[in-house]
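Read off the chains here:
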Amino acid sequence: MKWDRKYLLSIDDLSVEDIYEIFQTAKSMKEIIKRPIKKVPTLRGKNVCLLFYEPSTRTRMSFENACKFLSIDTISFSRETSSLKKGETFLDTLLNIEKMGVDLFVIRHSSSGILHYIRKFINSKIVNGGDGTNEHPTQALLDGFTILENKNRIESLKITIVGDILHSRVARSNIRLFKKLGAYIVLCGPPTLLPKEFENMGVEISYNLKEAIDNADVIYVLRLQLERQSSNFFPTVREYNELFGIKKDILKYAKKDVIIMHPGPMNRGVEIDSDVADSNYSLILNQVENGVAIRMSILYYMLV
Amino acid sequence: MKTLLIKNTDKGDIFIENGIIEEIGKISKQADKIIDASGLIVLPAFIDLHVHFREPGYEYKEDIETGSKSASFGGFWAVCTMPNTNPPIDKPELVIYQINRAREVDLVDIFPIACATKNREGKEMAEYYLLHKSGSVGFSDDGNCIYNTSVLRNALIYLKMFDLPIIQHAEDGNLSLNYATGWSFDALRDGLLGIPESAEVSIIARDCILALETGGWIHFSHVSSKLSVEIIRLFKKLGARITADTTPHHLVLDSSYIKENNYSPNFKMYPPLRTKEDIESLWQGLIDGTIDAIASDHAPHEFESKLDFIESERGIIGLQTAFSLVYSEAIKRGLDIDFLIEKFVSFPTRFLKLRNTGEIKKGYRANLVLFDKDREWIFSENLIISKSKNSPFINWKFKGKVVLTMKDGKITYSEIE
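Sequence lines, in order, name chains A and B. Each residue of the first sequence is one higher than the one before, starting from 1 at the first, in this note's numbering. Each residue of the second sequence is one higher than the one before, starting from 305 at the first, in this note's numbering.
Derived from the structure by calculation, the hints contain no laboratory data. Small disclaimer: the values here were computed from a predicted structure and weren't measured. Don't be surprised by glycine CBs; every beta carbon is placed ideally from N, CA and C. Mixed in with the good hints there might be a few duds.
Calculated cross-link-like contacts (lysine-lysine; reagent style DSS-like; alpha-carbon spacing at most 25 Å) [claimed, not checked]:
#	chain 1	residue 1	chain 2	residue 2
1	A	Lys158	A	Lys179
2	A	Lys120	B	Lys693
3	A	Lys27	A	Lys46
4	A	Lys120	B	Lys701
5	B	Lys311	B	Lys665
6	A	Lys39	A	Lys68
7	A	Lys248	A	Lys158
8	B	Lys315	B	Lys666
9	B	Lys677	B	Lys636
10	B	Lys395	B	Lys437
11	B	Lys311	B	Lys337
12	A	Lys196	B	Lys530
13	B	Lys691	A	Lys120
14	B	Lys580	A	Lys196
15	B	Lys422	B	Lys437
Far from chain A, by Cβ distances over 10 Å, these chain B residues were calculated [said to hold, decoys possible]:
#	residue
16	Lys337
17	Ile338
18	Glu369
19	Arg457
20	Leu531
21	Lys636
22	Arg679
23	Ile715
Next comes chain B alone, as it looks inside the complex (with noise of 0.2 Å):
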C-alpha cells in the first residue's frame, strides 16, 4: 500500500492511497509521502486531444519517451496520439504497440487515435472496430484530409454503431497548395502567399452537412477561422453532432508574427496563422461552447526541415507551453480557470468516455497538477524537453506554471524539493 498527502492546496489537504484520492479536508494522517503545495492550487491534470509523438518511424523527431515527458512537464497525464506515423497506425497492432510502449514509459495514458481509411489514403475505410477493441479512440487521416464525400459519410454512418468520432483534418489542398501562412494583408505585404480560409472553411462546411444528415459523430481538429467557428456553431444548434477544438497558437499568433519573426519556421503550421479577427472569434467560440476543447497540435520536426518558411516542414511543438499559454491570455480576458478546466480535462474527458477522473474528488484517480497561478516563467530553450525544438515560444514570458504533475498518484513530473 502506497499513500501519498498533500498538504495545504486550495482544497485543503489530499490523501492518495494506490493512485486513488482517498480524502480530501483538513487530513493529519501519515502518508510514505507528504508534499506540502502551499501557496498552489490542485487542478485536474489535463488531456490533450491531438499530439503527434511520431513513433513509430520517425522516432528523430520524437518518440514516446520524450514526448511523454513534455506532456508530464505540462501538466498533461493522457494524450491522443494521430496516426500519421510510418507505418500509419491502421492495424490493431499498431495501436497496440503505442498503447505498450506508453506503459513502459509510465509517464502518461496514450490514447491512440488510429486511421480514418486504410494507410491514410481516402479511400477505404480502416478497421474501425477492430482497432476500437485495440484501444483506439476515434479515427483521422490527420495531416491528410479525407476528401472522399462518399467514404467519409459512410464512416459517419458506420461508427455510430460505437459512438465513436471521426477527426478531420479540413483542408483543400486545391487552396492551400504550397503556401505557408494564411491569406492576410500582412501576408501578402511581406511577400507570403497565403492560404484562404475557404480551404478549411469549405471541408468543414461540407462536413458538417453530412454530420446532420447522417447523424454521425465528426470532430474538427484546430479549428481557425472565424468563418469555421461560424458554421460550427450554426450546424451544433441544428443539431448535428459535431464537436471541435482549437490549438493554443491558434489563439495567440497571427500572420504579422512571421516578419517580426524573421520568417521563422517556427511559426508555420497547418492550419496556418491567421488574422486578429480569426482569434478573436476563436476565443469567442471557446467562451460560448462553439469550441469544445483545447488541444495543442504537439508535432515535433527536426531543426534541418525548420529552415525555410516557404519549404519546411508543418507544425510546431507545444506540449510544454499549452496550458501556460492560454492561461496567461485567458486571465488577460478576465477568464477564470474552471473555464480552461472545461477545455482541458471535462471536455476531454467526456470525449474519451472515461470514468473516475478528471475531478477531485474522493474515490476518484489522482490525475493531479499542482499549479502556481502567480509564478512568471520564461520558455527558454534549453527548457525543451522534446527532441524538436520548433517552438514559436521560445523566450516568451508566461505567468503560472504546472509545478507538479500526478498520474494515478504517480508523481510523473516536479519541480517541488
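Bound conformation, chain A alone (with noise of 0.2 Å):
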C-alpha cells in the first residue's frame, strides 16, 4: 500500500519505499540543521497545530523545530490552557482549531486509535504523536533512521527491544517498522508486561534478559512508567532493575558493536544505568537530532 500522505497514523500506512523515501529526506534534513542559518523556505505559509493532551517535551519540541527550520508556522495547544475543562468536545476542539486555518495536526493523545476515528470528521492532515498504548510511529521511524545511519542497513539485525512492551507505543511501532524492514526482532520484559500473544507479531519473546541480547546488534530500551509498581506488574523498581535493567556487565552477551537506544525520557539507573547511557554504545541523542530529521522530512510530504 502507497502512502496517500495525508496520514501518518500508523506505520502500517507506509509501504516499504515509503519509509526509505523518508529515510533519504531526511538525510538532507538533517544537513540543513547543521547549517549556520537553518531555514529554508520550502513550506512557508503552511500551518501547522500541535496538539498535545498528553505531556510531551521532546517530540513536541521536536516537531516545533522541524517546523521551523522549513519555515511553517505553529500553533499549539496544551491540555492545561485548553477548553476541555470547560467540557468541549475532543472534536469540537478540532472542528474550532481547524477553521483557523490549519493544514496539518500533530497530535498525541492518551486514547489508543483516537486519530483513526475522528479523521472522518475533519479535513486537515494528521500525523499522530502518539496515541494511548497504540503508536507513535515519528519515534519508529527516527529509530529505524538511527539504526541505519550507524549499521547500514536494518535487514537481518538483531533488535532486542526491552521493558514494559504492554503499555508502549513506541514498541508497537517500532516492532511493525523494524519487521517491515527485515530485523530480527527479540522482545524481552518481565511476563506481566509482556503478554505471550505478542509473538504472534511475528517476534521472539524472552523473560531471560541474558538470553533476549545474546548477539544483539540493537538493544532498544523502554522507558518504565513508574506507576506501573503501584498497579503491581512488578514488585519494586530495585527487583526490575536487577532483573532487566541495562548495565554495563551484560552487555558482553551482546554484539561487540551493539548500539543502545532509548526514546526517552530515561530514568537513569531503572531500566537503563548512566555508564550505559552515557558510554560510547549510547545512541541516545544521535536518536533526539535525527527525531528533528524525520520530522522535517515527514512534513516535507505531507505538505508540499
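Please assemble the complex out of the two chains, which come individually in their own frames, going by the hints.
As C-alpha cells, this is what we get:
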C-alpha cells in the first residue's frame, strides 16, 4: 500500500519504499539542521497545529523545530490551557482549530485509536504524535533512521526491545517498522508487561535478559512508567532493575558493536544505568537529533 | 368488535378478533382490515429480555416511546427494561411508572427488571415482593455486578419464595478496569489493553456455585466467553437453576472489528468483543441449550459520549437489528427459524411465565410478526429510530426482515401498504 500522505497514524500506512524515501529525505534535512542559518523556505505559508493532550517535551519540541526549519508556522495547544476543562469535546476542539486555517495536526492523545476515528470528521492532515498504547510512528521512523545510519542496514539485524511492551506505543510502532524492514526482533520484559500473544507479531519473546540480548546488534530500552509498580506489574523498581535494567556488565552477551537506544526520557538506574546511557554504545542523543530531521522529512512529504 | 384477517401466510389465513387469534386456515370471512401476506411467513412476535430505555433520567439517550418504536421495528411485542435509570428502579412506584408509560405509548409491553439491591449499591436487598407485586419480573443491578457473595446468596434463597431470578451482570471490576475490549492478540496488537475472560468467568463460576448450593434461580445476561459457556453447561448438568442469554453482537463481532472500523466507539460495550473462538462457543451453547435466549442489550448513548474508544460509554443499540442480524448469521450456519423462535420467543415467554402468547394458535394473543425471509436490506443510519445512533451495524446488509409487527392485534410496525 502506497502512502496517501494525508495521514501518518500508523507505520502500517507506509510501504517499505515510502520508509526509505522518508529516510533519504531526512538525510538532506539533517544537513539543513547543521547549517548556521537553519531555515529553508520550502513550506512557507503552511500552518501546523501541535495538539498535545499528554505531557511531552521531546516530541513536541522536535516537531516545533522541524516546522520552524521548514518555515512552517505553528500554533500549539496543551491540555492545561485548553477549553477541555469547560467540557468541550475533543472533536469540537479540532473543528474549531481547523477553522483557524490549519493544514495539518500533530496530535498526541491518551486514547488508542482516537485519531483513526476522528479523521472522518475533519479535513486536515494528521500526524500521530503518540496515541495511547497504540502507536508512535515518528518515533519508530527516527529510530529506524538512526539504526540505518549506524549499521548501514536494518535487514537481518537482531534488535532486542526491553521493557514494558504491554503499555508501549513506541514498541508497537517499532515492531511494525523493524519487521517491515526485515530485522529479527526479540522482546524482553517481565511476563506481566510482555504477554505471550505478542509472539503472533512474528517476534521472539524472552523473559531472560541475557538470552534476549545474546548476539544482539541493537538493544532498544523502553522507558518504565514508574506508576506501574503501584498497579502490581512488578514488585519494586529495585527488583526490576536487577532483572531487566541494562548494565554495563551485561553488554558482553551482545555483539561487540551493539548500539543502545532509548526513546527518552530515561529513568537512570531503573531501566538503564548511567554508565551505559553515557557510553560509546549509546545513540540516545543521536536519536534526538535525528528526530528533528525525520519529522522535517515527514512534514515535507505531507505538505509540499 | 374489531376484526383483522391476514391472508396467505405460510400457515394459511389468520383471523383475529379483539386481539385474539380466532381461526387459522382457509378463511373467507370479511374483516375490518385485511392484510395480504403472500410470500411472507408468520412468526410469534419476539421478546427481548434485556434492554435499556433510559427512562426516567436519561431521556436524552432514549425514552420509553423511542425505545418502544425501535422494538416494534425489530419485531418485538415485549421487552424487559433494565433498572439502571436515574433514579434506579428500586421502588414499586417506579416500576408502575414504567409500565404505565409503556401503556400510554401502547406499542410494546414492558416487563421491568427492578434493582437487585437498593440504589444498585450491592449492599441491601431491594423490596422483592413489593416490586414484583407492582409488575417487576426479575432483579438485577445491571451495569454493576453484585459483588457481595453474602448479599447475592441471601437474595437467591429469598427469591425462591416467588420463583424469580437474579439477573447477574458478571464483571470483576478489578480485572476489567477501564479497558475497552476483550483480551486478545488483535487487541494487544492494535494498542488496546484487554479485559481478560476471567473478569466474566470468575463471577459466573462463583455464582453457579451459589445457585447450586441454594437452589435459587440465577440468570446470566450477555454471556460472552467460551469458558463461561462451559461452566454454565457444567452447572446446569449438576442441576443448578441457571438460565442465560447472549447478545446478537457477541454472536457476530470479535475484537478484530475494532481497528477495521477505525476504533469506532460503536464497537465498545460490556462484555467486550472477544475472539472468533468465543463466538463459536456461544453458537454451540445456543445449539445445545446451555444458552437459553438471545437478548439485545439495547444500550443507547448519545454521540458526544461515543467519540473516544477508550473513554466512551459502553454499549450499543440493538433492537432494530437483533433478529435480522442473528437470522442472517444463523442461515449461514444451517440453522432454521424454529431454532431462533426458541431463543427470541419461546424461552422468554417461559421466563416471564406468560400464558396464551408465544405461539400461533387459536385463542392465543395476536402477538405476531410477518417476516420476509428473502428480503435483503441495508441498515442505513436514517433508519435508526432510537434517539441514539450508536450501532456498529450501520450500513450492514442483512437477509430477512420484519415487515409487520402486531401486539394484541394492533399493528405496531408495518411496511405493508
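Each hint tested on the structure:
1. Straight-line distance between C-alpha atoms of Lys158 (chain A) and Lys179 (chain A) comes to about 11 Å, which keeps the hinted pair within the 25 Å bound.
2. Distance check on the hinted pair: Lys120 (chain A) and Lys693 (chain B) sit about 17 Å apart at the alpha-carbon level, within 25 Å; holds.
3. In summary, the hint linking Lys27 (chain A) to Lys46 (chain A) is supported, as the alpha carbons are separated by about 22 Å, within the 25 Å threshold.
4. Note on Lys120 (chain A) and Lys701 (chain B): the hinted pairing holds, with a Cα-Cα distance of about 22 Å set against a maximum of 25 Å.
5. Proximity of Lys311 (chain B) to Lys665 (chain B) is assessed by CA-CA distance (about 16 Å); at most 25 Å being required, the pair is judged to hold.
6. The straight-line distance between the Cα atoms of Lys39 (chain A) and Lys68 (chain A) is roughly 7 Å, inside the 25 Å bound, and the hint therefore holds.
7. At roughly 19 Å between alpha-carbon atoms, Lys248 (chain A) and Lys158 (chain A) fall within 25 Å of each other, so this suggested pair holds.
8. Distance hint between Lys315 (chain B) and Lys666 (chain B) is fulfilled; the C-alpha atoms sit about 12 Å from each other, no more than 25 Å.
9. For the hint linking Lys677 (chain B) to Lys636 (chain B), the alpha-carbon distance of about 13 Å falls within 25 Å, and the restraint holds.
10. Taking the CA atoms of Lys395 (chain B) and Lys437 (chain B), the gap is about 11 Å. The hint holds against a cut of 25 Å.
11. Taken as a hint, the Lys311 (chain B) and Lys337 (chain B) pair is honoured in the structure, with Cα atoms around 11 Å apart against an allowance of 25 Å.
12. Simply put, Lys196 (chain A) and Lys530 (chain B) have alpha-carbon atoms about 20 Å apart, close enough for the 25 Å limit, and the pair holds.
13. For the hint linking Lys691 (chain B) to Lys120 (chain A), the alpha-carbon distance of about 22 Å falls within 25 Å, and the restraint holds.
14. Distance restraint check for Lys580 (chain B) and Lys196 (chain A): the Cα-Cα separation of roughly 19 Å lies within the 25 Å cut-off, and the hinted pair is therefore satisfied.
15. Using a Cα cut-off of 25 Å, the hinted pair Lys422 (chain B) and Lys437 (chain B) holds, with the two alpha carbons roughly 17 Å apart.
16. Listed as outside the interface, Lys337 (chain B) is consistent with that label: its C-beta sits roughly 46 Å from the nearest C-beta of chain A, beyond the 10 Å cut-off.
17. Every CB of chain A is more than 10 Å from the CB of Ile338 (chain B) (nearest about 48 Å), matching its label as outside the interface.
18. At roughly 27 Å from the closest C-beta of chain A, the C-beta of Glu369 (chain B) stays outside 10 Å, upholding its exclusion from the interface.
19. Distance to chain A confirms Arg457 (chain B) as a non-interface residue, since its nearest Cβ pair spans about 29 Å, more than 10 Å.
20. Distance check for Leu531 (chain B) against chain A: the nearest CB is about 17 Å away, which clears 10 Å, and the non-interface claim stands.
21. No beta-carbon of chain A is positioned within 10 Å of the beta-carbon of Lys636 (chain B); the least distance is around 27 Å.
22. With a least beta-carbon separation of about 30 Å from chain A, Arg679 (chain B) lies farther than 10 Å from that chain, consistent with its non-interface assignment.
23. Non-interface call for Ile715 (chain B) relative to chain A: holds, since the shortest CB-CB distance, roughly 39 Å, exceeds 10 Å.
Hint violations for this structure: none, all hints satisfied.
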